[in-house]
Amino acid sequence: MGVSCIFLYEPSEGTMDPSVALTQLQKKAERLGGKSTGPWLIECESYQSAQGVANPPKLLHLIHCSEYPKTSYAIMEKTAPQQTGLAVGACLIADSNFDLILNNLKGFYAPRRGQKMEAKGHKYRTDKYTIKLAAVVYGSSSRGIIVEVEDEKTSVISQAWDGLASFVQGFLSEPQPRSPPMKSANEQTFTPLDRVMKYLHIFVQLRKTTK
13 MGVSCIFLYE PSEGTMDPSV ALTQLQKKAE RLGGKSTGPW LIECESYQSA
63 QGVANPPKLL HLIHCSEYPK TSYAIMEKTA PQQTGLAVGA CLIADSNFDL
113 ILNNLKGFYA PRRGQKMEAK GHKYRTDKYT IKLAAVVYGS SSRGIIVEVE
163 DEKTSVISQA WDGLASFVQG FLSEPQPRSP PMKSANEQTF TPLDRVMKYL
213 HIFVQLRKTT K
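When you line the sequence shown up against my numbering, it's residues 13 to 223, in that order.
Mixed in with the good hints, there may be bad ones.
Stated by the list, open to error - No more than 30 Å apart at the CA atoms, straight line, and that leaves these computed lysine-lysine pairs for DSSO-like:
hint : residue 1 : residue 2
1    : K70       : K128
2    : K39       : K210
3    : K140      : K70
4    : K82       : K140
5    : K165      : K210
6    : K39       : K165
7    : K132      : K165
8    : K128      : K140
9    : K70       : K165
10   : K132      : K118
11   : K118      : K40
12   : K128      : K39
13   : K118      : K210
14   : K82       : K132
15   : K220      : K132
16   : K118      : K128
17   : K118      : K47
18   : K132      : K47
19   : K128      : K210
20   : K39       : K132
21   : K47       : K220
22   : K220      : K70
23   : K39       : K118
24   : K70       : K132
25   : K140      : K47
26   : K140      : K220
27   : K165      : K40
Don't read these hints as lab results, they were simulated from the structure.
Only a predicted model underlies this, so the values are computations on that prediction, with no experimental measurement involved.
Start from the sequences and build out the full structure, keeping to the hints where you can.
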């Protein structure tokens with residue numbers, strides 16, 4: 013895989029309906045020569061630790077992505093009364109049948125009802141980049157739009173980031189908050205887990221703002 017810039021899209025109109033904003037972005041991608049290469053999906057279901065299992069209680073986020081159909085990502089979130097943002101604990105990368113194991117652990121971790129989130133949309137391929145545009149669904153309604161732009165020619169963050177940032181700026185015609193993934197000096201390769209973690213941060217952010 014390459015390097016991706018992933019962020020929650022914030023239209024300048026602010027109150028624009030997400031479905032309208034998504035349609036506008038799809039048309040922009042097509043005007044740039046983007047060809048639709050099919051649908052894609054990433055979903056997150058959260059599990060709460062049972063009473064007595066952990067103190068303070070913990071959340072386990074189980075993530076599946078259509079880009080990695082044979083893989084499950086189980087990411088532990090530490091919770092605390094004054095916590096802000098996402099505090100990540102252990103991360104487990106397993107095969108897609110990990111759901112079956114969790115079903116046998118209901119005495120330890122149980123799914124949180126109504127907490128499933130998913131980002132679902134379409135991919136567009138330009139000469140250099142792949143653009144993914146997705147509506148985030150939480151419950152029965154759309155909560156926002158996620159944009160991902162990927163440079164598939166390199167997995168080294170420093171080699172791709174300036175070009176990605178420039179392309180995103182031109183694609184959206186308006187500034188968006190974004191920064192490169194935080195990696196140590198000897199870890200400059202963008203990985204599938206980096207992608208999944210970025211989506212998880214956005215899902216948690218949206219979940220907290222819609223309570």
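Now the hints, each set against the structure:
1. K70 - K128: holds, 16 Å
2. K39 - K210: Holds. K39 to K210 sits at ~25 Å (cutoff 30 Å).
3. K140 - K70: violated, 41 Å
4. K82 - K140: OK: K82 and K140 at ~27 Å, within 30 Å.
5. K165 - K210: holds, 20 Å
6. K39 - K165: Holds, at roughly 25 Å.
7. K132 - K165: holds, 24 Å
8. K128 - K140: violated, 33 Å
9. K70 - K165: violated, 38 Å
10. K132 - K118: Answer holds: K132 to K118 is near 28 Å, not above 30 Å.
11. K118 - K40: violated, 45 Å
12. K128 - K39: holds, 29 Å
13. K118 - K210: Given that 30 Å is the threshold and the Cα spacing comes to 27 Å, the pair holds.
14. K82 - K132: holds, 18 Å
15. K220 - K132: holds, 20 Å
16. K118 - K128: It holds: about 17 Å lies between the C-alpha atoms, which stays within 30 Å.
17. K118 - K47: The given pair, whose Cα atoms are some 44 Å apart, is violated under the 30 Å limit.
18. K132 - K47: holds, 17 Å
19. K128 - K210: Within the cut-off at roughly 17 Å; holds.
20. K39 - K132: Given pair K39, K132 holds - Cα atoms ~17 Å apart, limit 30 Å.
21. K47 - K220: Measuring from Cα to Cα gives roughly 35 Å; hence the hint is violated.
22. K220 - K70: holds, 16 Å
23. K39 - K118: violated, 45 Å
24. K70 - K132: holds, 27 Å
25. K140 - K47: Roughly 12 Å between the alpha carbons, so the hint for K140 and K47 holds.
26. K140 - K220: Violated. K140 to K220 sits at ~35 Å, over the 30 Å cutoff.
27. K165 - K40: holds, 23 Å
Checked against the numbered hints listed earlier, the structure breaks hints 3, 8, 9, 11, 17, 21, 23 and 26; every other hint is satisfied.
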